[in-house]
Amino acid sequence: MLTILKFTFKEHFSKKVLLFSLILAAIFLGLYGLGVHFAAKDLARNPNPMIADVLFPQLLSLGLYFGGFIVSFLAIFSTVGAVSSEIENGIIQTIIAKPVRRSEIITGKFLGNGLFLALYAFLFFLTVYFTIRLQTGLELNGLWKAAALFALQPVTLLAVTLFGSTIISTIANGVVVFTIYMVGVIGGMVEQIAWLINNVTLQKAGIIASLIMPADALYRKIVNSLLHTTGNPVTALQQMGPFGSMVEPSIWMVIYSIFYVLLFVGLAVYSFNKRDI
Amino acid sequence: MDFAIETINLTKKYGSKAGCTDVCLRVPRGQIFGFLGPNGAGKSTLVKMLVGLLYPTSGQAKLLGYPLNNIKIKKKLGFLPENFRYHDWLTCHQLLEFHSKLYGINGPERNKRISAVLETVGLAGKEHQKIRTFSKGMQQRAGLACALLPDPELIFLDEPTSALDPLGRLEVRRILLQLKARGTTVFLNSHLLSEVEMVCDTVAFIKDGRIIRQDSLEHIQSSEIKMELTIGKINDTVKQALSNIALSSYIEGDIVTAFVNSEDDIPRLAEAVINNGAQLYEMTRKRSSLEETFIELTGGVDN
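As you go down the protein sequences, you meet chains A and B in turn.
When we follow the working numbering, the leftmost residue of the first sequence carries the number 1, and every step to the right adds one.
When we follow the working numbering, the leftmost residue of the second sequence carries the number 278, and every step to the right adds one.
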């Protein structure tokens, strides 16, 4: 399994999707850093604590939200054919005939991809975090916890993508996983609106969407825990809008996400074990 | 007898369609075994079942005395798939390193094995080129090198020369004979009957998923004797006399081709011509080729 893990990790560096993702991430982070820099500079010249208290957290949310998009897209599109494309082009035939169990192939691919994506997300998070922290001086809580949750986001997508890759073709898998991801994203927005207008039905719809794909719920938890300061009168204002988090998802959502990952990896192993190649 | 491959009623069904049905094979160790059949007959299905890509619907099989998919036994197996494809972003050396690790070949032994197989398949000096820059023939050699890495006791080669030029094919035949000399059992799935004829000890024919004949090549070639006679003044009596002796015969102009099943029938053919007033100009013994048996058994030439 270690051989497959190392090989899968290295394989990312040979793919063009990584290069494009890095270029786009660099463009995004560059523009983002520039925006934060000028916003902070402007407010330093004309100090307005009320605006700063609302604007800087919103900028953080914006950075993490779209950063999450980039990381999630990388997770989906770099692993969408993890198994299926190797079945389609025949490479897998040379691997299965070797003295390696099918379960080791799947777990090796999951861990290799998972380590790569978690590391990518972790570095992305740190860049956004320190851009905000150093340029605006915004007080933030729980750096490592938030970084870990941010790294968990692409891993949840990876688990579903890997499972899909063992049962359907590469293109079909891309369509299905992207749709599932969008269900989570839209569900998160719906839930945010639901809490704002206090609509229980919409809140439940949002929760169901988070159960189908918990990546967005993890994002809401990250934002809420980073910005949560007891007794801050503008907390509600900071968490308004589509990128905020009116109510922090509970720890059970994190535990659910971990089980979600384990479940889909288990399903991937099961279906690949049964599959004729 | 010790068998490298033994299958008992091995069957694979794809829904209602049969891939292989009740395949019973016994391949003795140390032989080169040729597996023949037309396209879609079930050749690749059987190979895929044996190497663990497909799960049998029913039946049993053993490789080197152990049930299929035994991890320990897989360390002694080599496999070159028909539609070979490898990670083309790797160099040939990196590819062989990866496959060595999958075989659990570590330490100095790894580099030793890699150098040896590169030498064997004729890719020495090209090991640092990327696979994607290789021609199809070179990629097939790289695939063969991967299959040879563990110094296998049993090797499955599915169309190993399909992308090779005549010189490459000659080299592969040389490699197969070297493997045999070392005691390796070779399961050769090939369309090239002449190639099978040159190296195989035993052959099996498959048609519509069923084994229709398994025999030693020697026996197949000697089971019928093909005679060609050039006859002058041929008449109906001669024709009748020849057909009474031969299993089958046909006439094209002055040339009569007759199949007999015994050496004793050969002088009888000559007598039948001479004693019935015809003239015998030439009489040649032809070997019954594998191709003829193939056509007879499967009803057509594979392409």
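Be aware that one or more of the hints could be misleading.
Straight-line C-alpha distance at most 25 Å; calculated SDA-like pairs for lysine to any residue [what the hints assert, rightly or not]:
(1) 274/A to 285/B
(2) 41/A to 27/A
(3) 6/A to 18/A
(4) 353/B to 134/A
(5) 6/A to 103/A
(6) 389/B to 455/B
(7) 6/A to 409/B
(8) 6/A to 485/B
(9) 10/A to 559/B
(10) 10/A to 390/B
(11) 15/A to 413/B
(12) 352/B to 87/A
(13) 290/B to 27/A
(14) 352/B to 1/A
(15) 41/A to 134/A
(16) 378/B to 103/A
(17) 516/B to 559/B
(18) 6/A to 349/B
(19) 6/A to 88/A
(20) 349/B to 41/A
(21) 10/A to 516/B
(22) 274/A to 371/B
(23) 352/B to 18/A
(24) 294/B to 18/A
(25) 503/B to 413/B
Where chain A lies over chain B, by a calculated footprint (3+ residues, C-beta under 8 Å) [stated by the list, open to error]:
(26) 297 to 303
(27) 326 to 336
(28) 355 to 362
Worth flagging that the hints you see were computed from the coordinates, not collected in a lab.
C-beta: ideal position from N, C-alpha, C; glycine also.
Evaluated hints:
Of the supplied pair hints, the one linking residue 274/A and residue 285/B holds, its CA atoms being roughly 22 Å apart against a limit of 25 Å. Only pairs whose Cα atoms come within 25 Å are accepted, and residue 41/A paired with residue 27/A is accepted, the gap being roughly 21 Å. Straight-line distance between C-alpha atoms of residue 6/A and residue 18/A comes to about 17 Å, which keeps the hinted pair within the 25 Å bound. Taking the CA atoms of residue 353/B and residue 134/A, the gap is near 59 Å; set against the 25 Å cutoff, the hint is violated.
This hinted pair checks out: residue 6/A and residue 103/A have alpha carbons roughly 16 Å apart, not beyond 25 Å. Note on residue 389/B and residue 455/B: the hinted pairing holds, with a Cα-Cα distance of about 18 Å set against a maximum of 25 Å. As the CA atoms of residue 6/A and residue 409/B are separated by approximately 21 Å, the hinted pair is consistent with the 25 Å bound. Taking the CA atoms of residue 6/A and residue 485/B, the gap is about 43 Å. The hint is violated against a cut of 25 Å.
Proposed proximity of residue 10/A and residue 559/B is contradicted: the alpha carbons are some 70 Å apart, above 25 Å. Proximity of residue 10/A to residue 390/B is assessed by CA-CA distance (about 23 Å); at most 25 Å being required, the pair is judged to hold. Between residue 15/A and residue 413/B the CA atoms are separated by roughly 22 Å; this keeps the pair inside 25 Å, and the hint holds. Restraint check for residue 352/B and residue 87/A: the C-alpha separation of about 22 Å stays at or below 25 Å, so the hint holds.
At most 25 Å may separate the alpha-carbon atoms for a hinted pair to count; residue 290/B and residue 27/A exceed this at roughly 54 Å. Among the hinted pairs, residue 352/B with residue 1/A is consistent with the structure: their alpha-carbon atoms are about 15 Å apart, no more than 25 Å. Restraint check: the Cα-Cα separation between residue 41/A and residue 134/A comes to about 12 Å, which is no more than 25 Å; the hinted pair holds. Distance check on the hinted pair: residue 378/B and residue 103/A sit about 17 Å apart at the alpha-carbon level, within 25 Å; holds.
For the suggested pair residue 516/B and residue 559/B, the alpha carbons sit about 16 Å apart, so the restraint of at most 25 Å is met. In summary, the hint linking residue 6/A to residue 349/B is supported, as the alpha carbons are separated by about 23 Å, within the 25 Å threshold. Distance hint between residue 6/A and residue 88/A is fulfilled; the C-alpha atoms sit about 22 Å from each other, no more than 25 Å. For the given pair, residue 349/B sits about 67 Å from residue 41/A by alpha-carbon distance, which is inconsistent with the 25 Å threshold.
Between the alpha carbons of residue 10/A and residue 516/B the distance comes to roughly 75 Å, so the proposed pair goes past 25 Å and is violated. With a C-alpha separation of about 30 Å, the suggested pair residue 274/A and residue 371/B falls outside the 25 Å cut-off, and the hint is violated. The suggested pairing of residue 352/B with residue 18/A is violated, with an alpha-carbon distance near 35 Å, which exceeds 25 Å. The suggested pairing of residue 294/B with residue 18/A is violated, with an alpha-carbon distance near 43 Å, which exceeds 25 Å.
Among the hinted pairs, residue 503/B with residue 413/B is inconsistent with the structure: their alpha-carbon atoms are about 39 Å apart, more than 25 Å. Under a criterion of three residues with beta carbons nearer than 8 Å to beta carbons of chain A, the stated coverage of the segment 297 to 303 of chain B fails, only 0 such residues being counted. With 5 residues carrying a beta carbon less than 8 Å from a beta carbon of chain A, the segment 326 to 336 of chain B meets the three-residue requirement, and the given coverage holds. Counting residues of the segment 355 to 362 of chain B whose CB falls under 8 Å from any CB of chain A gives 5; the rule of at least 3 is met.
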